[in-house]
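Could you put together the complete structure from these sequences and hints?
Protein chains: 2
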Amino acid sequence: MLLLRHCRGLTRVGLLKTQRVQLLQGAALPVAVCAGSLCARWGSSHGGHKSGQYQRSHGPNWRHALAGLLAGTGAVLAYGLHHSQTEQAATTIVQPIAPASSLPIYTQDEVTKHRSVEEGVWVTYKGSVYDITEFVSMHPGGDKILLAAGGALEPFWALYAVHSQDHVLEILSEYKVGELSAEDRLMQQSVKSTDPYSTDPERHPALRINSLKPFNAEPPPEILSDNYITPSAIFFKRNHLPVPQVDPKSYRLQVEGVPGGVSLSLSLEELKTHFPKHTVTATLQCAGNRRSEMNKVKQVKGLNWGIAAISNATWSGARLKDVLLAAGYRSEAVSEEGDVLLAYQMNGEDLPADHGYPVRVVVPGTVGARNVKWLGKIIVSEEESSSHWQQNDYKGFSPATDWDTVDFKSAPAIQELPIQSAITQPVEGAVVERSAEEVTVKGYAWSGGGREVVRVDVSLDGGRTWQVAQLQSSEKGQVPAPSPPPGRAWAWKLWELTAPLPPVVQELEIVCKAVDNSYNMQPDSVAPIWNLRGVLSNAWHRVKVTVKEDEEKQKLLSTPVVFGTCDK
Amino acid sequence: MLLLRHCRGLTRVGLLKTQRVQLLQGAALPVAVCAGSLCARWGSSHGGHKSGQYQRSHGPNWRHALAGLLAGTGAVLAYGLHHSQTEQAATTIVQPIAPASSLPIYTQDEVTKHRSVEEGVWVTYKGSVYDITEFVSMHPGGDKILLAAGGALEPFWALYAVHSQDHVLEILSEYKVGELSAEDRLMQQSVKSTDPYSTDPERHPALRINSLKPFNAEPPPEILSDNYITPSAIFFKRNHLPVPQVDPKSYRLQVEGVPGGVSLSLSLEELKTHFPKHTVTATLQCAGNRRSEMNKVKQVKGLNWGIAAISNATWSGARLKDVLLAAGYRSEAVSEEGDVLLAYQMNGEDLPADHGYPVRVVVPGTVGARNVKWLGKIIVSEEESSSHWQQNDYKGFSPATDWDTVDFKSAPAIQELPIQSAITQPVEGAVVERSAEEVTVKGYAWSGGGREVVRVDVSLDGGRTWQVAQLQSSEKGQVPAPSPPPGRAWAWKLWELTAPLPPVVQELEIVCKAVDNSYNMQPDSVAPIWNLRGVLSNAWHRVKVTVKEDEEKQKLLSTPVVFGTCDK
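Chains A and B, in that order, are what the protein sequence lines are. Each residue of the first sequence is one higher than the last, beginning at 1 in this note's numbering. Each residue of the second sequence is one higher than the last, beginning at 1001 in this note's numbering.
Hints are computed from structural coordinates only; laboratory data are not their basis. Treat the hints loosely; a few may be bogus.
Claimed, not checked - Here are the computed lysine-lysine pairs in the DSS-like style, where the Cα-Cα straight-line distance is at most 27 Å:
id, chain 1, residue 1, chain 2, residue 2
1, A, K409, B, K1476
2, A, K301, A, K476
3, A, K476, B, K1409
To be verified - Now the in silico label distances, taken between C-beta atoms and shown as ranges:
id, chain 1, residue 1, chain 2, residue 2, range
4, A, P140, B, N1227, 44 to 50 Å
5, B, F1408, A, D404, 50 to 56 Å
6, A, P503, B, F1408, 28 to 34 Å
7, A, E170, B, A1481, 49 to 55 Å
8, B, P1482, A, S250, 26 to 32 Å
9, B, N1227, A, D404, 54 to 60 Å
10, A, A430, B, S1211, 33 to 39 Å
Everything numeric in this text was worked out from a predicted model, so none of it was measured. We treat Cβ as the ideally placed atom computed from N, Cα and C, and that holds for glycine.
Laid out in structure tokens, this is it:
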């Protein structure tokens, strides 16, 4: 799920040949893994699962533990149900489909045999059986539909409220092939689903929610730049599934595939005590940050992020390189400068649940999606991860590419992100008093791959003229941090410009653009970088504000002026 | 003169602490060094020069050897006169200034004592003595003026034709302080300067010359993309001075400053036989490529390059890392992937004189200016080079920065270059026949730092709609080269698109923009990235061509159409 070779920090880890390090999910552990913020959770272990092998329980068992493997992609998803008391909230508007007596009767065992496109993909829903083989390729959510193959739809639809719509049921009804046997229907009726999100942590009320279940939210721009280190509570949240409940006592981190080395199984305590604690301040950014600006050009697929799907934190943990060395990784391949962390702390405290408790990967300079949360397993591999999120999502395309023509193989996975900046203050539509005589503009700037932001230009007139902003690389009032070592500028810079209000104008179009030390610059406009997934949205950021004239002056302006008359 | 820490290939060399490797000029050798394409040449050795220490001869000796050190910058320049037969061509319009008998008489020895701002900066010109101390800071050419301190101006003015103007003499006359003694004037009169460019090599007649002396030229765009590997003869030429004449038999490459190691002095033969020969295909680009587009926005300082100050060649030589290891550099600091070359071959043959014979540095992924030609000395240093070209030129600034406000300390030296692409075919103003029904567009794309070009978008309508071009990473018709290892994409990609001619339109505005694997993209327009030195010009490239209608159709269009009349 994580190709580390492209990451600057891991270039040093990966210096040898073409070995790559993947982070994958262990199977028999009550821990979870996230490819990017795709959360995957294993339910309570029930024994009998072979480590590293995919096994699932069907029928009543899914109440206790249900895990899935995205067929063909290697991405691992799982679903755990810990609470059977409450009703399934997400499907309340879904109506049961009346059984059609003319259709054949199937047992759950017969349904369970149909779990692949080759064998047919069958699912059950409220006592009916559906052959959805033909629908798999049309599923808007992609291969994830195969998670339910051979079993019941209910627990998956509980995860994604998007299914709670009548037209979804209509589509499903087209694929009905039979009824579940009376015995198996009775078994299913005794199973009540629950809200898998009920154990999600409390969140800060300031967050602007893009989706509640799964929880995705960003801080308001105007508070984002108040702190150089973003408080964890308002650090943007990006989840694909419920937040896993991981027991720190039984947590194990698996390390496998080290050539000539050994496999490791580390407890949280061992990770904390057997390896030096290393701290890195690094900015994480979602590939979809600023997607809303692309949506204004033309609808894209994905959460409608504003400009704040980016935050900066101090991460502490074991260095990946130290763990790999302990597993017998060839030492000369591991750079002293490798900053990839197996982090167990964020801003000096235990990782919050939303950010991967107990352990996440922090790959500085690299798109959020590779900073796997709820880390379960690390596999060193010659191959790039075959996961959905590495191969078939998080890639950039031409504005000419649509869903009919897209070929995910034709583009590289997003790893390092391009130069980025945005205005956090003032916000769109704000009013600036003319009497203030000047305006203060604030924002952030960051670039991927450890490239340092070296300049931010700000315009008050839509990009016609520019002024250079002051850069800030520590909390305001503190001693500025020393320049990062070359190629290891992992943290953003905040910036600020106070400039005289231009005379006459009634509106300012404030624009910012940043430059990194490879002198890459942001593109001017959104449309030419538009892409169907709405990722990599890094055009100049524009904010329009109104200049409010003084009341005195306004009065003068609104007083009718009587012109003298003359003969001609 | 070369900061290697920023270079991807040398990140591995420089992994240790903050050690940096500089390339500097040895002193007592008949070899030369170039910071970028600033050529520096030592004349024939006259003995008595301490290695690594600056010493110059004055008075009549400059006829034989004259070397200079840019005071305060560490950049080394030298000037050798090998030909005393021909007259100095570049100063023919300069008129001698009549001696003023009221002024004091000075000997050459007295003049020679004034070689610094502290002691006063004196020069002689045609028998008169000038105290130009106050003028040093106003010299348009910067500190280079100090090269002549304590000596005669003639040999320097012979290098830079810009001095052959009456107003330069008028400025000089303001600083006159005396006359040179009769004896020393006689000595000087016996010295005839010569054209230092007379030994420059023959050049290909296809080259478009931007400046003849020193020679700077680029190939026409339409032939640039004919070959994936640019033939050496049309590879762009960038010189600051005459091309040095280096005797391969007496050539020595000095390596110094290796911590805990030894200094080396290598003959050309030793460099070729003691180290494995390594070959890298790498694109070099001048920081000023496409400067002419910035000049159209507002005048900038520098040669008016078109789009072809970029070329791609195969370079062979010893790896810098191997030479440093031989000098005792700590082995674990040197990556197996270090691709920085001490190159003695270009496209399979000895380096041409214009490209640094006998040895140049090739730092793949890094601006041309760091690919030092006529290499003399390598110094490993903790500090970034203090040379003019590292500190006070080859940096990028905001469009708001002008020569009154520029602070060169505020910007990093250009090392890795940003994503770049341009259209080589058709050229501006070309005519496309409507009957052809389609148009073929060709060009190049490249990014610095080993970032691979992953896509080129082409528009025929000024950027409103786009099509994806085919990329080419080998000679046409040959088997495509395998993908370069991550972070080591040193060579450009050529690209091509054949698209139907849009109907109706009489003009096409063809635009291209490229994307690298960090998904950095080119800015849309030139004005917002304009900078006073006209470097880093990488906005979308635009070419307008005319669509010529078929004669038949034209005839139809020009035939008057008689409309029927009606009552209303």
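Is the straight-line distance between the alpha-carbon of K476(A) and that of K1409(B) 27 Å or less?
holds (23 Å)
Holds or violated: K301(A) with K476(A), Cα cutoff 27 Å?
violated (38 Å)
Does the Cβ-Cβ separation between P140(A) and N1227(B) fall within 44 to 50 Å?
holds (47 Å)
Take a look at whether the Cβ-Cβ distance between F1408(B) and D404(A) falls inside 50 to 56 Å.
About 52 Å separates the Cβ atoms of F1408(B) and D404(A), which means 50 to 56 Å holds.
Is the hinted range of 26 to 32 Å satisfied by the C-beta distance from P1482(B) to S250(A)?
violated (46 Å)
Is it true that the C-beta distance of E170(A) to A1481(B) lies inside 49 to 55 Å, as the hint says?
Given range 49 to 55 Å: holds, Cβ gap about 52 Å.
Regarding A430(A) and S1211(B), is the given constraint of 33 to 39 Å on their beta-carbon distance met?
52 Å Cβ-Cβ, so the 33 to 39 Å window is violated.
28 to 34 Å was suggested as the range; check whether the CB atoms of P503(A) and F1408(B) agree with it.
holds (33 Å)
Can you tell me whether the CB distance of N1227(B) to D404(A) sits inside 54 to 60 Å?
With a Cβ separation near 37 Å, N1227(B) and D404(A) fall outside 54 to 60 Å, so the hint is violated.
Given pair status - K1476(B), K409(A), alpha carbons within 27 Å
Since the Cα atoms of K409(A) and K1476(B) sit roughly 23 Å apart, the hinted pair holds (cutoff 27 Å).
The structure fails to meet hints 2, 8, 9 and 10 from the earlier list, while all remaining hints are met.
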